[in-house]
Every structure is written in C-alpha cells, then in structure tokens.
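**Q** Residue numbers (numbering that gives the first Met the number 0), protein chains in the order written: chain G, 0 to 248; chain L, 0 to 593.
The set of hints was computed from the structure by calculation and includes no laboratory data.
Some hints could be false.
Simulated DEER-style distance windows between Cβ atoms [unchecked claim]:
1. L/P271 <-> G/L136: 35 to 45 Å
2. L/D108 <-> G/K125: 14 to 24 Å
3. G/P139 <-> L/E468: 49 to 59 Å
The model shown is predicted, which means the values in this text are computed figures rather than measured ones.
Here a beta-carbon is modelled for each residue, glycine too, at the ideal position from N, C-alpha and C.
Here are the chains, one letter per residue:
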Amino acid sequence: MMADKITLEIARYSPEHDQEPHFQSFEVPVHKEWVVLDALNHIKDTVDGTLTYRWSCRMGICGSCGMMVNGEPKLTCATFLSSYAKNGEKIRVEPLRYFPIVRDLVTELSDFLAKLKKVKPWLLPKDEPPLAQGEFLQTPEQVDRYKQFSMCINCTLCYAACPVVGLDPVFVGPAAIALAQRYNMDSRDQGAGERTAILAHPDGVWGCTFVGECTRVCPKHVDPAGAIQQYKIAAVLDWLKSFVAPRGA
Amino acid sequence: MEASSHDVLMVGGGGAGLRAAIAAAEVNPKLSIAVISKVYPMRSHTVSAEGGAAGVAKPDDSLDEHAYDTISGGDWLSDQDAVEAFVREAPQELLQLEHWGCPWNREPDGHIAVRAFGGMKKRRTWFAADKTGFHMLHTLFQTSLKYQPITRYDEWFVTRLLVDDGRVQGVVAIELMSGKIQTILAKAIILCTGGCGRVFPFTTNAAIKSGDGMALAYRAGSPLKDMEFVQYHPTGLPFTGILITEAARAEGGYMLNKDGYRYLQDYNLGTPEPKPVLRCMELGPRDRLSQAFIKEHEKGRTIETPHGHVVHLDLRHLGEKLINTRLPFVRELCLKYQNIDPVTELVPVRPVVHYMMGGVSTDINGATPLRGLLAAGEVACVSINGANRLGSNSLPECLVFGARAGKTAAEYASEQKPASAAVLAQALDEEKRLEAQYLHKVGGRERVATIRGEMQATMERSVGIYRDEPLLQEGTAKLRELRERYADINLDDRSRTFNTELESALELGFMLDVAESMMQCALHRTESRGAHQRLDYPNRDDERFLAHSLVYRNADGTSRVEYMPVTITRWPPGERVYGQGKEHGEAVAAKRIR
Numbered sequence: 000m001m002a003d004k005i006t007l008e009i010a011r012y013s014p015e016h017d018q019e020p021h022f023q024s025f026e027v028p029v030h031k032e033w034v035v036l037d038a039l040n041h042i043k044d045t046v047d048g049t050l051t052y053r054w055s056c057r058m059g060i061c062g063s064c065g066m067m068v069n070g071e072p073k074l075t076c077a078t079f080l081s082s083y084a085k086n087g088e089k090i091r092v093e094p095l096r097y098f099p100i101v102r103d104l105v106t107e108l109s110d111f112l113a114k115l116k117k118v119k120p121w122l123l124p125k126d127e128p129p130l131a132q133g134e135f136l137q138t139p140e141q142v143d144r145y146k147q148f149s150m151c152i153n154c155t156l157c158y159a160a161c162p163v164v165g166l167d168p169v170f171v172g173p174a175a176i177a178l179a180q181r182y183n184m185d186s187r188d189q190g191a192g193e194r195t196a197i198l199a200h201p202d203g204v205w206g207c208t209f210v211g212e213c214t215r216v217c218p219k220h221v222d223p224a225g226a227i228q229q230y231k232i233a234a235v236l237d238w239l240k241s242f243v244a245p246r247g248a
Numbered sequence: 000m001e002a003s004s005h006d007v008l009m010v011g012g013g014g015a016g017l018r019a020a021i022a023a024a025e026v027n028p029k030l031s032i033a034v035i036s037k038v039y040p041m042r043s044h045t046v047s048a049e050g051g052a053a054g055v056a057k058p059d060d061s062l063d064e065h066a067y068d069t070i071s072g073g074d075w076l077s078d079q080d081a082v083e084a085f086v087r088e089a090p091q092e093l094l095q096l097e098h099w100g101c102p103w104n105r106e107p108d109g110h111i112a113v114r115a116f117g118g119m120k121k122r123r124t125w126f127a128a129d130k131t132g133f134h135m136l137h138t139l140f141q142t143s144l145k146y147q148p149i150t151r152y153d154e155w156f157v158t159r160l161l162v163d164d165g166r167v168q169g170v171v172a173i174e175l176m177s178g179k180i181q182t183i184l185a186k187a188i189i190l191c192t193g194g195c196g197r198v199f200p201f202t203t204n205a206a207i208k209s210g211d212g213m214a215l216a217y218r219a220g221s222p223l224k225d226m227e228f229v230q231y232h233p234t235g236l237p238f239t240g241i242l243i244t245e246a247a248r249a250e251g252g253y254m255l256n257k258d259g260y261r262y263l264q265d266y267n268l269g270t271p272e273p274k275p276v277l278r279c280m281e282l283g284p285r286d287r288l289s290q291a292f293i294k295e296h297e298k299g300r301t302i303e304t305p306h307g308h309v310v311h312l313d314l315r316h317l318g319e320k321l322i323n324t325r326l327p328f329v330r331e332l333c334l335k336y337q338n339i340d341p342v343t344e345l346v347p348v349r350p351v352v353h354y355m356m357g358g359v360s361t362d363i364n365g366a367t368p369l370r371g372l373l374a375a376g377e378v379a380c381v382s383i384n385g386a387n388r389l390g391s392n393s394l395p396e397c398l399v400f401g402a403r404a405g406k407t408a409a410e411y412a413s414e415q416k417p418a419s420a421a422v423l424a425q426a427l428d429e430e431k432r433l434e435a436q437y438l439h440k441v442g443g444r445e446r447v448a449t450i451r452g453e454m455q456a457t458m459e460r461s462v463g464i465y466r467d468e469p470l471l472q473e474g475t476a477k478l479r480e481l482r483e484r485y486a487d488i489n490l491d492d493r494s495r496t497f498n499t500e501l502e503s504a505l506e507l508g509f510m511l512d513v514a515e516s517m518m519q520c521a522l523h524r525t526e527s528r529g530a531h532q533r534l535d536y537p538n539r540d541d542e543r544f545l546a547h548s549l550v551y552r553n554a555d556g557t558s559r560v561e562y563m564p565v566t567i568t569r570w571p572p573g574e575r576v577y578g579q580g581k582e583h584g585e586a587v588a589a590k591r592i593r
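Sequences are here, hints too, so could you generate the full structure?
**A** Written as structure tokens, this is what we have:
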C-alpha cells in the first residue's frame with residue numbers, strides 16, 4: 000500500500016546566511032507519476048520560493064537535475080516518489096557529492112567543464128576532405144564502435160559516484176575520459192596522439208582504480224569504466240610495441 | 000557597475016547560438032565573440048529534439064520538392080525566397096555537422112541514411128537514432144570549444160537590450176552564481192533563445208522556454224511576426240508532455256481511437272494502408288492531426304484518463320527489434336516516465352504545444368529592423384515555416400539561419416563604432432529597476448506560480464487548437480488583469496546567490512508580454528490557416544490575409560498589429576492536399592532502408 004504523503008529531507012545551504020549545510024523537512028503528496036523533481040517544484044511553487052536547484056527538460060536528456068537521493072546519484076526527473084513511498088521511507092535529497100556547493104542543491108560545474116575541454120573533444124581528422132566531396136564514409140559497424148561513448152549528457156552523476164574523484168580532485172574523471180575515447184574510436188578521427196598527454200597522465204586513466212561505480216550510476220549506459228579499461232589496454236599495447244619496433248616504423 | 004565588451008554576442012547557446020558563434024569566428028578570427036546563456040550550452044532545449052533534420056540528400060529527391068513540401072505544409076504563409084535559401088543550404092549544413100563528428104545513422108555502404116517524416120513527400124530526414132537534437136547540440140558544443148575567440152557566459156540571465164541612436168549596443172545581465180548585475184556591450188547581438196512553449200500549461204518545451212528573446216526584442220521596439228501560429232504536436236505523453244517523436248509514425252505506428260480504429264481516415268488524410276505512405280494518414284502534417292484529435296474528442300471517441308482525454312499510438316506491430324534500433328528513446332521514455340512498454344502496450348497520447356512558428360521578425364540573413372539586432376532559430380520568424388512547420392525542418396533552420404546570422408553579424412560588427420555613453424546610463428536604470436521591483440521590494444502579495452498558472456490556463460482556453468472571438472476577448476481581458484497583478488508580485492527569495500525565484504519572476508514578465516502578442520495576433524487574423532483555426536472564420540482568406548502579422552508593443556504593455564505581404568516566388572497559393580490523391584500520385588509506399 001502506497002502512502003499518500005512522503006517526507007523529503009532536503010539539504011539547504013545559502014552562503015549568505017549559513018555556515019554549513021543543514022536539512023529541512025517538507026511533506027509532499029505522492030502521486031503515481033510524480034518524480035522527486037515534481038516534488039521539488041511543488042515545494043518551490045507553493046511553500047518556499049527560496050528552494051534552489053537546476054532543472055529543465057524533465058525527460059532525462061538535458062542533464063541538469065542530478066542530485067543525491069538517499070545517498071545515490073540520480074536524475075531527479077527519472078526517480079519516482081512511489082518507489083520510496085512503499086515502506087513509509089523518507090527521501091533525503093542532497094547536492095551531488097564531491098562538487099563544491101553553490102547553494103542548496105546547486106553545485107559548481109566550472110572544474111568539470113574545464114576537464115571536458117582538456118581532452119580535446121572535437122574531431123581531429125588527419126586529412127579533412129572539402130565539404131564538396133561529401134561525407135566521410137562510415138559504416139553502421141564503425142558508428143557502433145564509438146556510439147555508446149557519445150551518449151553522455153554531462154549530468155556528472157559519475158563524478159559523484161567515483162571514489163577517486165573524492166580523493167583526488169585533479170583526476171580527469173569518467174565522463175571526460177569516455178568523451179575522449181568517443182573521438183579516439185571514431186573512424187573519422189586521428190587525434191588520439193594529441194589526447195595522450197592528458198589521458199596517459201597519472202591524473203588521466205591511470206588514476207582510475209576500476210571501482211566501476213561510474214558505469215553503474217550512468218543513466219545513459221555510457222559505460223565510462225569500459226572506456227577507461229579500453230584505453231588502458233590500448234596504451235599498454237602501444238607501450239609494449241615501442242620496445243619491439245623503432246618509433247615511426 | 001562592471002562592463003565587458005565584445006564584437007558579436009549570441010544570447011542563447013543552443014543549436015542556433017553555437018552555429019552562429021562558430022560562423023562569426025570563421026568570418027574573422029580577430030573578432031571577440033561571446034555566447035551568453037541562462038544555462039550551460041549542453042542544457043539548451045535543442046537537446047530534446049528527437050526525430051531528425053531535413054536536407055535533400057538522395058538522387059530521387061530535389062530542392063524544389065523540399066521547398067514545395069515546406070511551403071504547402073506552411074499553408075502558403077512561408078516567404079518563398081527564404082525557403083529556397085533554406086532548402087539549398089540545409090544539406091551543406093548537415094554535411095558540415097558530419098565533418099564535425101555528428102554520429103548520423105548510416106546506410107550499410109557508409110553513406111548518410113535518411114528517414115520519412117510527416118508532410119514530406121520524399122525521404123530526406125537525416126537522423127541520429129531518435130536523439131538527433133542531442134547529438135547535434137553536443138557536436139556543436141564540443142566543436143565550439145576549439146575556437147579560441149569564443150567567450151562564454153554560462154548561467155547568466157539577460158534582462159534587457161540596450162538601444163541608443165537606433166542601434167542595439169549591449170545587454171544587461173545577471174550572473175546567477177553571484178547575483179552580480181553587469182553590462183555586456185556588443186556591436187551586434189543575435190537572439191538565439193528558442194521558443195516560448197511555457198506560456199501554455201501542457202507543452203513538450205523544457206522549463207527554460209519562456210520566450211526571453213522574443214520579449215527582449217519586442218520591448219526594444221522590434222516587431223514580432225506571426226505569433227498566432229502555435230504548433231501542437233499530435234503525440235505528447237499525458238501529464239509530462241514528453242514528446243513521442245513523429246519518427247514513431249514514420250516507422251509505421253498507427254493512431255487509434257477508443258475503438259481501435261485508425262480515425263485519421265475520416266479527416267481527408269487518405270486511406271489506411273498497413274505500411275506508412277508519405278504525406279498520408281499518420282504521416283499527414285501536425286496541424287491536421289492535432290485538429291483531428293479535437294474532432295474525434297467531440298464525437299466521444301477518445302479515451303478518458305486522469306490527465307485528460309487521449310488517443311492511442313500503436314507501435315506493437317513494429318516488433319521489439321525495430322523499436323530498439325530505430326526508436327530506442329521512444330521506448331526508454333515510455334518505460335521510464337510512463338511505465339508503459341510500447342513493444343506490448345498501446346501508448347496514450349494527446350496534442351501538446353510544441354513549437355512557435357512566429358517569433359522575432361527577421362530578413363533572410365537574420366537581421367531585424369533594429370540595427371545591430373539579429374535572431375535565429377525558433378526565436379526568429381524568417382519565415383520558412385509559415386502557418387505550420389513541418390517536422391525535421393527546425394533543426395536545419397537553426398543551422399542555416401544561425402550560420403547566416405553569424406556571418407552577417409560579424410561583417411556588420413567589423414564596421415561599427417564603440418558603444419555610446421547613453422547606453423551605460425540605461426544599464427544603471429535597469430539595475431535600479433531590478434533592485435526596486437524585485438530584490439528590495441516592500442509589500443506585494445502575488446506568487447510567481449499563481450500568476451503563471453492562470454496565464455497558462457488562459458492561453459490554453461483562448462489560443463488553443465481552435466479559437467473564436469469571444470474566447471480571444473476574454474483572454475485579452477484576463478491577460479490585462481494578470482499584467483496588473485504581476486506588478487504586485489512578492490519574492491520569498493531576496494538573496495544574490497543563484498536566485499532562481501528572481502529568474503522565474505523575470506521569465507514570467509517576459510511570458511506575459513509574449514502571451515499578449517500571441518493573443519492579439521490571433522484576435523486580428525479573422526481567417527483559418529494552418530495552425531491558426533478560427534471557429535468563427537473557418538476558411539482561408541488569401542485576399543485579406545496572405546500576409547504576415549507584425550505585432551508591436553505599446554508603452555502601456557498593450558500591442559498593435561500590422562500586416563506585411565508574403566514573398567511568393569514560384570509557388571502560387573494552392574490547396575493543401577494530403578492522402579493518396581492524383582496530385583501526389585508519386586507518393587509511394589515506403590520501403591524500409593534496413
């Protein structure tokens with residue numbers, strides 16, 4: 000039997016008023032189709048206009064509304080209240096872990112954005128044909144090699160799940176590495192060498208201790224852990240090859 | 000008050016804004032280019048576009064056929080010179096995206112694959128599964144990162160355009176993170192803020208779609224065009240308004256009423272075939288399909304749910320394999336947000352506000368009548384979409400006219416003088432207004448959400464799929480009342496740091512202006528055309544209304560409507576014919592590509 004009301008314990012923090020974050024409880028109605036984000040909107044619209052969080056598409060594609068829900072990184076637009084309401088549970092909502100908090104449920108993203116840019120996430124072809132020659136040919140199988148890594152919505156749930164990010168803030172992190180690998184695996188791209196300096200650095204793939212939490216929490220099944228493993232194997236093979244063949248051979 | 004300065008400033012960082020920024024950077028790498036947006040670029044609403052992007056790509060197709068489908072789809076309200084430029088440049092732009100890495104679906108031989116789409120007589124819609132907008136946006140965003148001259152103001156909210164000496168010279172904006180109010184000067188400004196679906200209660204549009212750019216231009220004295228033309232998409236999921244892409248019908252989905260009957264055959268859209276037929280039945284244009292829903296509802300043949308009446312979209316006969324490879328996002332959305340599996344169950348759908356054909360009036364290069372101000376994408380009305388946009392024309396529109404506006408702005412900015420002192424004084428006035436009206440306001444009794452809810456209900460009632468004079472008069476009076484009550488608004492939140500309640504209040508102010516412009520355009524157009532259907536004037540009236548509405552804002556917040564002729568080049572107005580008629584004898588039963 001589903002409860003008709005549920006309590007949300009929401010982390011509140013305003014740098015203008017608070018020394019540190021604290022929790023505030025709100026009771027909200029449970030409707031079958033309501034997600035955690037609908038409950039936050041209900042509170043903001045009718046109870047407390049100061050509640051602060053990001054959201055936009057409400058369909059799991061813009062990547063804005065990631066938060067910790069009962070300790071798990073979640074897109075709140077895809078997390079139904081009803082899945083918690085069964086046992087009279089409370090729902091604890093906090094900002095994504097390991098990010099600096101701006102206010103309430105809003106985190107600071109500029110460091111993440113800088114990491115994305117660092118891996119040169121754009122196509123680096125060796126010889127780009129002029130547009131007049133038409134498209135680069137790419138078979139469906141060649142698309143499939145990188146497609147999964149191109150599905151990242153930059154929601155940063157994987158950073159909030161990654162214990163290495165928690166210990167070492169310089170670690171490039173799962174989403175940025177997966178994005179680099181998205182271009183490395185693209186048959187139109189020959190920029191892998193330019194991305195090596197970032198990826199093969201101790202703060203790159205070698206920082207990862209392969210906990211696999213990033214892949215588990217990814218709402219888009221991007222499998223960043225797989226991308227990291229794939230890159231490590233390729234890097235080791237290249238390193239071994241450097242012993243058997245002279246450079247440039 | 001701090002001020003920064005650039006040559007070209009994009010307001011909005013979605014498909015049109017990023018394409019414009021790159022185009023401007025390529026014209027002249029010495030220019031200082033900036034993109035300001037209230038969200039990070041990859042959160043922009045382009046991300047939600049699903050089905051695809053039209054551009055002639057195969058030997059059986061031609062530019063003229065794409066132009067004809069667009070013009071007839073738009074019920075002859077499109078400017079044909081703009082359509083001709085659009086269909087010519089769309090394939091090049093889509094190819095450019097391919098060169099930047101967009102993961103388009105491919106044929107087995109490695110060439111681009113195209114799919115069928117509503118209202119299109121030939122297969123010409125490029126697609127990246129059913130996340131086309133997502134892939135285009137991320138490709139553009141990632142590509143934009145390599146252009147050094149592009150500065151970004153992420154999560155800054157523009158509140159006003161600064162105009163002096165007859166030209167736009169900058170904006171005032173709030174940095175959300177700090178609450179700082181700043182002047183950003185620019186020689187040319189391109190509005191790329193998208194549409195305004197949030198003036199309605201039930202919409203596919205994201206929360207950020209509040210018509211900001213439309214209101215900014217309108218308040219600065221630049222007219223809006225064709226604001227009465229609101230596209231309802233026939234297949235939205237009830238409650239959430241989540242869009243089920245037209246590709247679901249292009250792949251062979253059926254629309255069924257409560258008796259399991261393919262009801263579109265009763266509405267001049269052709270006869271049902273087991274396989275999809277281009278420009279027929281489920282592949283008819285969006286306005287006709289949404290109107291058919293209302294008629295079907297009046298006949299008592301829709302299905303009642305807690306979130307209003309629905310019909311069913313049936314995909315079951317397509318099979319799990321095709322649904323997984325061609326429509327994976329449709330299945331994901333149904334499962335995750337509606338708890339329904341389209342492989343085994345019927346999907347409940349109803350018409351949902353989707354797109355604004357109207358917008359900031361521009362010429363073929365994106366320029367508005369106000370010097371230094373341009374617009375591109377959904378915020379603009381060039382117009383290629385006329386009275387009804389065809390599915391998969393809006394993504395290439397962002398690219399073609401984004402690129403054109405970017406080039407035009409870069410060339411214009413290279414010849415301009417720096418900003419005048421007068422605009423800095425205007426910026427100080429704006430800062431004072433924001434403080435007095437919102438942050439330091441004493442008293443006030445109205446909540447943002449209350450006024451917003453009443454505005455949305457008013458718009459649905461008065462400017463919905465069918466309109467008439469009494470409803471529009473009633474809506475006009477209600478909007479006047481809401482504008483007065485808006486002045487009595489009170490914010491719970493007076494903080495500087497990331498004040499989203501202030502942002503919502505400013506968005507509501509924009510939406511009230513945009514709503515007024517739509518209401519007045521709808522009231523004055525006493526004919527029915529495309530998405531504008533008047534119960535009291537059921538016929539198209541080319542003699543009086545083969546013309547664009549131009550709406551200007553008066554000082555008191557009311558508006559005045561004027562008309563401007565439509566540009567006709569090669570396609571004189573005709574009748575819109577869908578279904579397997581003689582005129583479209585070449586409509587062929589669709590063959591799946593693979």
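**Q** Range hint 49 to 59 Å: satisfied by the CB atoms of G/P139 and L/E468?
**A** holds (55 Å)
**Q** So the hint says 14 to 24 Å: do the beta-carbon atoms of L/D108 and G/K125 match that?
**A** Once the Cβ atoms are compared, 22 Å apart, the range 14 to 24 Å for G/K125 and L/D108 holds.
**Q** Taking the beta carbons of L/P271 and G/L136, is their distance inside 35 to 45 Å?
**A** holds (39 Å)
Checked against the numbered hints listed earlier, the structure breaks none of them; every hint is satisfied.
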